Amino acid sequence: MKRFLIVDDSKVVRMVARRILEGLNFETAEAENGELALEACRSQMPDAVLLDWNMPVKSGIEFLRELRGWPNGAEPKIVFCTTENDLAHIQEAIGAGADEYIMKPFDSEILESKLTQIGLL
Amino acid sequence: MSPQDFDFIAQLLKQRSGLTIGPDKAYLLESRLNPVARKHGFNGLTDLIQGLRLRGDQTLTRDVVEAMTTNESFFFRDTKPFDQFKRLVLPHLLEKRAAKRSFRIWSAACSSGQEAYSLSMILKEFEAKLAGWRVEMIATDLSTEILDKAKEGVYSQFEVQRGLPVQLLVKHFAQEGDRWRIAPDIKRMVTFRTFNLLDDPAPLGQFDVVFLRNVLIYFDQPTKTKVLERVSRQMAPDGFLYLGGAETVLGISDKFQVFPGERGIYGLSAAAQPRMAATA
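Those protein sequence lines, which keep their order, are chains A and B. The letter at position 105 of the first sequence is residue 105 when you use full-length UniProt numbering, and the numbering goes up by one with no holes. The letter at position 133 of the second sequence is residue 133 when you use full-length UniProt numbering, and the numbering goes up by one with no holes.
Simulated from the structure, these hints should not be mistaken for lab results. Being a predicted model, the structure only gives us computed values, none of them experimental. Built from N, CA and C at the ideal position, the CB exists for glycine as well.
Calculated cross-link-like contacts (lysine-lysine; reagent style DSSO-like; alpha-carbon spacing at most 27 Å):
id, chain 1, residue 1, chain 2, residue 2
1, A, Lys-2, A, Lys-104
2, A, Lys-77, B, Lys-86
3, B, Lys-14, B, Lys-25
4, B, Lys-171, A, Lys-77
5, B, Lys-149, B, Lys-187
6, B, Lys-149, B, Lys-39
7, B, Lys-39, B, Lys-151
8, B, Lys-149, B, Lys-171
9, B, Lys-129, B, Lys-100
10, B, Lys-171, A, Lys-104
11, B, Lys-80, A, Lys-2
12, A, Lys-104, B, Lys-149
13, A, Lys-77, B, Lys-80
14, B, Lys-100, B, Lys-187
15, A, Lys-104, A, Lys-58
16, B, Lys-86, B, Lys-187
Which residues of chain A face chain B? A few of them, derived with a C-beta cut under 10 Å, are:
id, residue
17, Gln-91
18, Ala-93
19, Phe-106
20, Gln-117
Using the sequences and the hints, build the whole thing.
Encoded structure:
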């Protein structure tokens, strides 16, 4: 079973994402900011990360840049999931190594479609 | 709605679009036709149907048919057909059409254009190999309203997230607030035309690839057979027909045969074209 790390400071978003992902047969773990997400990756590298942009302590893009700098940091698929819906943010995310980008609001159909595109489903 | 009214609408839809609806879809009539009734100043569905019976109003009839036809579409729908197009169909055409350097694609029942534009984005990737080629893509639909949307090429945030990889969004779209406009070079590759699949497609010419996906499911068996027979006449002997994931030619038409190991793509059978043997 593939493991998904859900990183978002909103408990509600994490819960919604967890329900969808578990329904798609992923094992899930959660972190509420980029710093805690890095800790989670250090202890067990996930297969994929669903990543918010704006979070306290460490943002999603800071998390991504740091993770991709690790020797094994290229391994997980990174899917941004954020309200930052402008082209400049999307380009910045792709440049930093994001595999996909979901503009909120999202639903299970969009998430499933994105995961299919990057070979997770 | 009375059974007589339901039968009247069902018959009208069958005649005008080939769409077959059973009594279990009566709720769809209610939800989709009430807005049409309001638009034309009728006091509900019963009055609308009365109006259709008495007036023979073509605009009203067209609006009713368009409201009932399903217009769901998304970019790179089901992924696999587009992978097959890149991996199998395009290399075949590049080789077999090398002498005349041209081929034609038909996106039938194209709805709001996502299928045709997905193909355009793939063709764009092959730009260097296709330099000097004439590639024509015709996209047709019954609904003029949905074709207007397709021609405009502007999609909501929700639409561009269904099937479209983000890298292609960034590459081929411009953002306009919360909407996304397809790039002019991708748009130019498609010609949109109104066409009813119940009509003879001969005026559209011959095609090397036909995408007829997720439309036969709405037709009854004799209509499916008739549409497939007519499409077969418009196909190049070594042409490719794409159907939707839930569709097949088996038991419906002997004009096509499955490509071994390639689900969803069909070629002309010997029954359709004796000339196929010469080009196989």
